[in-house]
Amino acid sequence: DVKVTQSSRYLVKRTGEKVFLECVQDMDHENMFWYRQDPGLGLRLIYFSYDVKMKEKGDIPEGYSVSREKKERFSLILESASTNQTSMYLCASSSTGAGTYEQYFGPGTRLTVT
Amino acid sequence: AQSVSQHNHHVILSEAASLELGCNYSYGGTVNLFWYVQYPGQHLQLLLKYFSGDPLVKGIKGFEAEFIKSKFSFNLRKPSVQWSDTAEYFCAVNLYNTDKLIFGTGTRLQVFP
Chain A
2 DVKVTQSSRY
12 LVKRTGEKVF
22 LECVQDMDHE
32 NMFWYRQDPG
42 LGLRLIYFSY
52 DVKMKEKGDI
62 PEGYSVSREK
72 KERFSLILES
82 ASTNQTSMYL
92 CASSSTGAGT
102 YEQYFGPGTR
112 LTVT
Chain B
680 AQSVSQHNHH
690 VILSEAASLE
700 LGCNYSYGGT
710 VNLFWYVQYP
720 GQHLQLLLKY
730 FSGDPLVKGI
740 KGFEAEFIKS
750 KFSFNLRKPS
760 VQWSDTAEYF
770 CAVNLYNTDK
780 LIFGTGTRLQ
790 VFP
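Protein chains in written order, with the numbering used here: chain A, 2 to 115; chain B, 680 to 792.
Just chain A, with the same shape it has in the complex:
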């Protein structure tokens, strides 16, 4: 069973704080993704990574950065959290080699910025 885990289910931070969201997958997948999920807006891609130390901006990268130092781990960083970053954050992984493009999702982190 593919497992994607995220460091926290719920997180409350103050405006201006630096926030780290961690994601780990155990299937040796090349690709990892960070999305945010908001009611009525679906899933929007923030960043994705197709290899260690490689990253590509998604549709809404502003205010976020990422880090991928190891294949299994992909971190999302909010340099200075703002209230409009209150959201559910989903991590996913997929394998290019499998040719299926199916993404496997973690349980999500619900972040509240006050």
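In the DMTMM-like style, the derived pairs of lysine to aspartate or glutamate whose C-alpha atoms are separated by at most 20 Å in a straight line are: (1) 779(B) - 73(A); (2) 740(B) - 103(A); (3) 737(B) - 103(A); (4) 779(B) - 57(A); (5) 740(B) - 694(B); (6) 54(A) - 778(B); (7) 757(B) - 743(B); (8) 779(B) - 52(A); (9) 72(A) - 778(B); (10) 779(B) - 60(A); (11) 56(A) - 80(A); (12) 58(A) - 778(B); (13) 779(B) - 29(A).
What the hints contain is simulated information worked out from the structure, not anything from laboratory work.
Put chain B on the given structure of chain A with help from the hints.
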């Protein structure tokens, strides 16, 4: 830009009713198509997918979807819903030879006993 439209934002049904959720995409090339489901409090999981071949695809829990290329559609169907189908459903498109998925805005389904 490529996009995915799910026109039904919120659907309310009684148990045993039939279900059809619409999904349309805007891209003229080869696509792979997915439906994901998110049950309350759970993570997103794959319901079914279409890559090629028979345009009628069967998934888990009695769901099926039909790819109609001429209509750029991939509608999800189930002949008889159950209370346990209450969830949010997302349609997604993968553009050929890319690893990214483009998601629709989701449809919230509520099934009452």
